[in-house]
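Chains as they are written, first to last, in UniProt numbering: chain E, 1 to 98; chain Z, 1 to 103.
Among the hints, a few may not be true.
As the list claims (entries may be wrong) - Among the chain E residues that face chain Z by a calculated CB cut under 7 Å, a handful are:
hint	residue
1	M1
2	E13
3	F17
4	V18
5	I19
6	H31
7	T55
8	C62
9	Y66
10	H68
11	L69
12	S73
Think of the hints as simulated: they come from the structure by calculation, not from any bench.
In this text the structure is predicted, and so the values were computed from the model without any measurement.
Heads up, the beta-carbon is just placed ideally off N, CA and C, and yes, glycines get one too.
Here are the chains, one letter per residue:
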Amino acid sequence: MKKEDTVKLISAEGFEFVIDKEAAMVSQTIHNMLTSPGSFAESQHGEVTFPEISTTILEKICQYFYWHLQFASGKETEFPIEPELTLELMMAANYLHT
Amino acid sequence: MDMYIRVKRSKTTYFIKCKPSDKVLDIKEKLQELIDQPANDQRLVLPGTREVLEDSKTLAEQKVENDAVVALTFRKDDNEFEEVNIVRPNDFYQSRDGDSANW
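Could you build the full structure based on these sequences and the hints that come with them?
Encoded structure:
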């Protein structure tokens, strides 16, 4: 695993999640940020800050990215979502096109 | 991809792809690529039991499963390892419940 192949997602509270680019690309929004030529500072530093997304939600989203990769490779498990997270998670997922 | 684990230290979480048959040393070598600490100066600890994971054993042998949280500590200047330090976000749901009590 090389550093260039990872991306750091930073939550509203400044917590950092270092994940594989492959996982982050599950989000169309992050995919666009990381692949548009030159226009996003994010693509150069490999860091994306989400001032609107809380740490708990951002971690759940990262878990979802990895679950998505596992599911795509044939593993059939449910993705657990605590009821109290649902609304905020939906808003974040909508923003991230996930 | 078989599984991943969440390696946490302070306010940072590293999602590491791995296999149940990976040895703990393999995980440290992956981490070494991401952080400026050689595998030898890293220690991985199960946060619940404070059990230190052994380099030569596999994840499966030490019951580290998919989505598990593992604490990362570094060797300090005096050759000892740091205490486990995982910062959690303030539980905003509790604070929200507190707000609703005032309504």
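Taking the hints in turn, this is what the structure says about them:
1. M1: This hint holds: M1(E) lies near chain Z, its Cβ roughly 5 Å from the closest one there, short of 7 Å.
2. E13: holds, 5 Å
3. F17: holds, 5 Å
4. V18: holds, 5 Å
5. I19: Holds - the Cβ of I19(E) comes within 7 Å of chain Z, reaching about 4 Å at its closest.
6. H31: violated, 17 Å
7. T55: Constraint on T55(E) satisfied, holds at 4 Å.
8. C62: Hint holds; C62(E) Cβ to chain Z Cβ min 6 Å, cut 7 Å.
9. Y66: holds, 5 Å
10. H68: violated, 10 Å
11. L69: holds, 5 Å
12. S73: Constraint on S73(E) satisfied, holds at 6 Å.
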